[in-house]
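K.L.:
Since chain F is already given, all that's left is putting chains V, C and P on it; use the hints.
Residue numbers (this note's numbering), protein chains in the order written: chain F, 11 to 311; chain V, 2 to 210; chain C, 3 to 477; chain P, 123 to 798.
Because the hints were derived from the structure by calculation, they are not lab data. A couple of the hints might just be wrong.
Below, a list of computed lysine-lysine pairs in the DSS-like style, where the Cα atoms sit at most 30 Å apart [as the list claims (entries may be wrong)]:
hint	chain 1	residue 1	chain 2	residue 2
1	P	282	C	288
2	C	437	P	221
3	P	670	F	48
4	P	277	C	347
5	C	174	V	119
Just the calculated beta-carbon pair ranges, DEER-fashion [as the list claims (entries may be wrong)]:
hint	chain 1	residue 1	chain 2	residue 2	range
6	P	221	C	447	29 to 39 Å
7	V	49	P	784	41 to 51 Å
8	C	33	V	21	55 to 65 Å
9	C	40	P	784	52 to 62 Å
10	C	180	V	24	39 to 49 Å
11	P	132	C	180	54 to 64 Å
12	C	33	V	176	25 to 35 Å
13	V	49	C	9	20 to 30 Å
14	P	745	C	24	54 to 64 Å
Chain V is faced by these chain P residues, among others (derived, beta-carbon under 7 Å) [unchecked claim]:
hint	residue
15	760
16	762
17	765
Note that the coordinates shown come from a computational prediction; the quantities given were computed from them, not determined experimentally. Even glycine gets a Cβ: it sits at the ideal position worked out from N, Cα and C.
What follows is each chain in one-letter form.
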Amino acid sequence: MVSLVLILVASLFFTGIVIRTKSLASGRKGSGIFQPMKDIFKQFRKGSVYSSTTSFIFQIAPSFYFASVLMAILAIPLGKYPGLISFQGDFVLFAYLLAFGKFFMIISALDTGSSFEGMGASRESLFSMLVEPAFFIVMGSFALLTGETSFHEIFSTLHYGSNISYLLGGLATFVFIMIAMIENSRMPIDDPKTHLELTMVHEAMILDNSGFDLGLILHTTNMKFAMYGAIISNFFIGDLASMYTIPIFFAVQIGFAITVGLIESFMACFRMGHNPQFIFILTSVSLLIFFGVLLLLERFV
Amino acid sequence: MTDILLIMFAMTLLYMSIANRLLTYIRILVFQGFLLFGVTFLELSHINVTNLVLILLETVVFKALAVPLFLNRVIKHNGITRVAEPFLPNFVSLIIITLIIVITIVLSNSIKDINLDKTFFVVALSTLFTGLYIISTRRKIITHVMGYLVIENGVFILSLAVGNEMPMLVNLGIMLDIFASVLILGVFFNKIGDVLNDPDVNQLRNLKD
Amino acid sequence: MISLFLPGAILISVLLYFNKSKIVNYTLVVFYALFLLTFAVYQSFHLNSIELGYFKSDGLGILLLLTLSAVTIPALFHGYRYIATHDESKKSRGLFFAAMTMLITAIGAAYLSNHIAVTWIFVEITTLCASVLIYHHRTTAALEGVWKYVFICAISITFVFIGILFLSLSLKQAGVEDLSFDALEKNYAQLNPFWLKFAFLFIFTGFTAKLGLVPMYTAGIDAKDKAPAPAGALFSSVLMNLGFVGIYRFYAIVARTEILPWANTIILIAAFLSIFVATVYMTRIKNIKRMFAYSSIEHMGLVMLGLAAGGIGVYAAILHIVLHSFVKPSLFFQFNQVYRVYQSKSIYDVGNYFKYNKAGAIALLLGFISCTAMPPSGLFVSEFMIFQSLFESHHLIILFVVLLLLTMIIWGFGSNIFKLLFTPPISIDETKIPKISAWESASQYILLAIAVYLAYNPPAQFVHLTKDAVNLLPQ
Amino acid sequence: MKTLIELFNLTAIATIVALPFLKVKGKGIVTLIAICLQVALVSIISIKVFSGTPIDYSYLGSYITGAIPVRVDYLSSWFILTISFTFLTGAVYGLHYMKRYIDQSANISLHASAYILTFTSLINLCIVQNGLVFLVIWEIMALSSFIIIIFEHYKKETLKAGINFLIQSHVSILFLTLAFMWVKIKTGTFDFSGITTYTSTEPALIGVGLFILFFLGFAIKAGFVPFHTWLPLAHPAAPAHISGVMSGVIIKIGIFGILRVLLLLKTNFVPIGYFILILSVITGVYGVMLAIIQHNLKKLLAYHSIENIGIIGIGIGLGCLGLGYNNQLLIVLGFSGALLHTLNHSLFKSLLFYSSGNVYQLTHTLDIESLGGLIKKMPKTAIFFLIGSLAICGLPPFNGFISEFLIYLGLFKSLSSVDFSLTVLMMFAILGLVLIGGLALICFTKAFSIVFLGESRHISMDKVENEKPASTLSFYAIVMLIMAIGVVPMLFLKVLALPVGQFAANISIDTAFEYSEIASTASMVGIYSAVFILLVVFVFLIRKMVTKNRPVSIANTWGCGYNGSSKKMQYTASSFIRTYRKLASSFLDIDKHKKEAKGIFPKVVHQETHPYDKIERWLIDKPIYNLRQLLSRFTFLQNGNVQSYILYGFIFIALVILVPEIIEKIKFLINFLNQL
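So that you can see chain F by itself, here it is in the shape it has in the complex (with noise of 0.2 Å):
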């Protein structure tokens, strides 16, 4: 319940913070951090243009995602408190709802018959397919590590003794942030702000989409940042008293959208091409994760 709350508040100044960052970082003054959701509320009271060639998905699609996004941060933890949703292999049922999303998005996109946003479905569907795996793999070396398989269960008992469990927990942030600039397609996989064909992904998705729906994935995009934030910000966490949890959750959830604003004022972004390569190496660090943790566990002598 705790969590949920934050998050939403969370996904409220997300974005907002990631643009202003790049616009200090690019010497500008910038707009202020709600700014976003100012745009997404002109959205929701916008009318909306459909294409003639779209069928009724099209239309359902967008709610689907906000709900599945939604259903899936019931599932994120805080701390000691428990999400909504906690049972054991709840992360199981946190991707699938995710790619229940995606399954949508991707289908509604193909349904406007353009002749760009199959190229975006295309690459969505495919870069989905090459994170998931980094995702299990390093929940489930939690879970090997714990000896737990729930969310909470797991960040609850999760604490770092030796120097190596540390170096675990920043690879562990490190392929979570990855993971949510790929799940959001920012830099470097894609860049949101061009509408080239070279670079877009998510972006190329939603060209058709307007009004209330456009307003819908904007701001589920928020609040999937927001439930990564919240991911990461419980690795750090732990089992820390409540005074503490809150705090460190906004700090990290800044920190991370400070991040993601540095990352995309500094960084060029990939080539298309050579996405694929880069997303499979989340896999092999969270194997190196893995195998980590079997060597803290003095599993293999």
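P.N.:
Below, chains V, C and P alone, put in the same frame as chain F:
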């Protein structure tokens, strides 16, 4: 005495290997018939008379007269060319048949059995193989028949070797003789003559996969 | 009763040959069938009774005799259909049935004969009658077929005769002069193994011509191809059994001597080679009738494998040969109708038989299933036992290779049969296709059903007879 | 009970006998009625069994077969119910599907009787426990399914695929024959209990060997890689309802066989577990990898059957490891996951095949590339296909998720085991399962959206008539079950407890506690799925309310300034998966023809890709080719020349006489040389 006859028999084989004309083959068959008659007469002297007579008749009448005559008639009737067209030159066949005889002698030498009369055995075997050789190296169907008849003679000799104890077997041999010759020659050889004007084995090679 | 049967049967065939009237002809044929049947049944009630000194109705003989009479009835029926659909002359009709009955008689007598020489004589007679049947259509191809068949058979019975001579040589020291199987069995101890080896080798090789085994199987293919389908059915079933009887009875004696392993090796090699040859041609052949013939080769190979492997394999071999004589004829009978539809044996001209003759098509399908020994069929049981015997006698490599080859055979057989059944033919004038009544396929269904019944739920007498036949071998 | 079973078989026989004499219209109806009757009978039986009275009686049999025991236990009943349901829906759908072939009367009666025969034999396979009889029924099943596959036998490739199927199923029966023969020789009985008695006395290695033999036999039927090659050929060849039934349950009989043997064996299950698990992961990944590149809708689905068999196999492997390590949790999760997924797959796969059948009937093509925009013509079918796709991707709230979740849980639970190699294997399996999930997502987003969404790519839409309501009749039932399993899995898990318990009881341990734990977890998943559905609906309603009175305008798809028709510029199936194809190219075997565009005004350019199966090429095609080459070397034998025929005889005799002599001499020589 028997041995002399048998050796002469072996020599006929050699002659057969170099014979060119079908007529010669027939003559050789006739001669072989008479030789067999002699051998039978000498060998089976002490089996009951009727049986002996029967066998003798078979050798003379059938082997030496009827079949050759019939063959002769067939050749004329079907206007078969007089030359037995062998695949191999006669010289080679001569060598081969000589080898056959030598080998059979060597082989039979390796057999240690008192019950076995070596001469009979050798001649019989070499006759068998010669017959086979003739069948497989001559082009005409009628030469196949002749080869088969030679084989029959070989078998007959072999049966004579054991004939004393079991004349029954000799009779069987005769039956085989008559049966085969009658069937092959009588029932339809002339049919082949009717259907195929020049009976060449190559005309009977359509049934294959 | 054989003293009654032989003259009677011969009389009937002579009458058939001379008689010209249709009615008399058919009544005679029917009478012959019944005569044969009663004879078989009568003999089966007088097990192991010796007649005329040379005939003994033992288990093997009776079993095969009953099979023979069971196959004869449909064979004659289809022979009648064949003659009817080919509007033959009186003479050829008479000759056809005379030869057929004579052939069957000779086969039956040979089954029962207890004397190697007598068997030999009857084998000769079968060759004689067979040649008449093969040459039923006076065509060049038929002539060629019959020439080859007769020539090869003549050579092979010469082999058998030579074998008998060697046998007598090996008997010399024993001092017996009686060549009856019983006598041989009694004093197998005195047989001279050296000559016995030769005897076995030659007799085996000689009989392979009838049995349809490597090396002398060759001419049999042409015979089955060229003879009218009903005759072909007999050639590829009961006539092959005759070859089996010849080998089996002599093998029973050899099995008591020390040369048994040697003999088994020979049989094993020949059998395996047969299956291999069958595979070679089954996977490429385009002539349906010849395909059936090759499949018989394959089955005989299996039978001999079982025999050589010993143990349960012997039982399986006898069971297999009986079942095969039910299954294969049904295919040949069915082919008779196929030919009436397409007027061709080539797989290229036929197709979509299922459309033109449904009952027949299903019969053909079932026949295919039975013939490839897929489990619902009877042959599966015997093959199962044969494989089991190979397994038990540690011939595993042979077993696996054979299984592979059989699979190839099913593939070849199947692709032809299904082409025939289902693929639409290239060019066919549907108006010319005769209407074929379903009843003509009835006999095939019955035969196949019998095979299944005997395999899966054998009646006690059947098992007893088979066991009796197996007991010819030393246990 | 006995009478019910006999009644069941009698119904089949009676119907088959009756069919040829009926009017063509009647045939379908009668078949349907017969199937319904049979299904009713077996359902009664299996419900009785589940209520706690396993059936066990025996026929006397004959001299050959020996006693024929008939045992209906929980495992059998589970499969009986699965099979019956799919065959029922298949019959209902087939009734509609067959309408267009109404003129082929005889063919239809053959088809119908074969359909009934297949069903009957499948059910009997589940209950008969005599090796020989099992083999017989097995082959009857194979043959009758062959008949129903080649319904459109006038098509060349159909017959070809059929024969391929026939041969491969024959190979499978060869393996089974060997296995049963082995047991028969050692124990002298065909009764399945012989397997138990034999393996319990022998060392574990024997048991494993025997299992491998059985597994090979069943794996060919089930379609484990590399024995899967018949599957992608047979499915497109068969009519839609047959493909559904075949992929739904006929291949599952292989799974049943494997489970049955596992129940019977008494041996060391650890190596078996490793074997199955590794093979299954490969199967799953390979299956879906090839599924993605297919252009033929049914072939694509066929490859997905292979993938799902892999998932089921992973479950079984887990269960075996559980048995091997006496780990209750693994037993429960593995076997319940496998069994549940068997049911699930039979549901959504039949649904998918039936709806692809509708597509085929209205458009007369299965080539994905030429389809598109069908959702406007057949909305119902589209929705059903969508549901099927979501379910097969294992997405919540549908049934596929539940079974995959159980398997996932098992994998994660067993990660923290002391055995290093086991841990690594589990991680490997997780990786595989995740990949399968992700690839399946690609594949079905492609399949669904290219077929049903966007604009038609080649065929003209006005030729396509609208779907008939009858065509989707049976779909509702399937979807009901799919949702039911997704939302209230505990109902099914309660039933599943019994067969899973069998496996545990086999090594005499009790899993009741773990099972209840798992069941509660699964039921929680179900609840959350329900919540999720509500949430989705809720969000959608809000959207509706908010956008009720907002202006809506219809326009062309945004074309980046280009406003002409963009039909030809749509993404196609192959362009959608292009990147994937490039990545995976080393595992795939795609023959690709491409004409580059040249010059300023290029002529018509085209590109075509023909996906082929690498394993098939190297494991089936090459060996067969070589074997045939070898055989064709010997065709000189029957050369039609009498002289050579005679020579064969003499050569045979000569060899038999001489070869031993020569061998003697050689031996002597060798000895002589040794003495030097």
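K.L.:
Evaluate each hint against the coordinates.
P.N.:
Evaluation of the provided hints:
Of the supplied pair hints, the one linking residue 282 of chain P and residue 288 of chain C holds, its CA atoms being roughly 17 Å apart against a limit of 30 Å. Restraint check for residue 437 of chain C and residue 221 of chain P: the C-alpha separation of about 29 Å stays at or below 30 Å, so the hint holds. The hinted pair formed by residue 670 of chain P and residue 48 of chain F meets the criterion: a straight-line CA distance of about 22 Å does not exceed 30 Å. For the hint linking residue 277 of chain P to residue 347 of chain C, the alpha-carbon distance of about 23 Å falls within 30 Å, and the restraint holds.
For a cut-off of 30 Å, the pair hint linking residue 174 of chain C to residue 119 of chain V stands: about 15 Å separates their Cα positions. Between residue 221 of chain P and residue 447 of chain C the beta carbon distance is about 32 Å. The supplied range of 29 to 39 Å therefore holds. For residue 49 of chain V paired with residue 784 of chain P, a C-beta distance near 46 Å keeps the hint of 41 to 51 Å intact. Distance hint check for residue 33 of chain C and residue 21 of chain V: the Cβ-Cβ separation is about 57 Å, which falls inside the suggested range of 55 to 65 Å.
About 55 Å separates the C-beta atoms of residue 40 of chain C and residue 784 of chain P, a value consistent with the hinted range of 52 to 62 Å. Judged by the Cβ atoms, the range 39 to 49 Å given for residue 180 of chain C and residue 24 of chain V holds: they are separated by roughly 45 Å. Distance hint check for residue 132 of chain P and residue 180 of chain C: the Cβ-Cβ separation is about 60 Å, which falls inside the suggested range of 54 to 64 Å. Remark: the range hint 25 to 35 Å for residue 33 of chain C to residue 176 of chain V is upheld by a beta-carbon distance near 31 Å.
Restraint check, residue 49 of chain V to residue 9 of chain C: a C-beta distance of roughly 27 Å satisfies the suggested window 20 to 30 Å. Between residue 745 of chain P and residue 24 of chain C the beta carbon distance is about 58 Å. The supplied range of 54 to 64 Å therefore holds. Checking residue 760 of chain P against chain V: minimum C-beta separation of about 5 Å stays under 7 Å; hint holds. Interface hint at residue 762 of chain P: satisfied, since its Cβ lies 3 Å from the closest Cβ of chain V, which is below the 7 Å cut-off.
Interface restraint check: residue 765 of chain P against chain V, minimum CB-CB distance 4 Å, threshold 7 Å, status holds.
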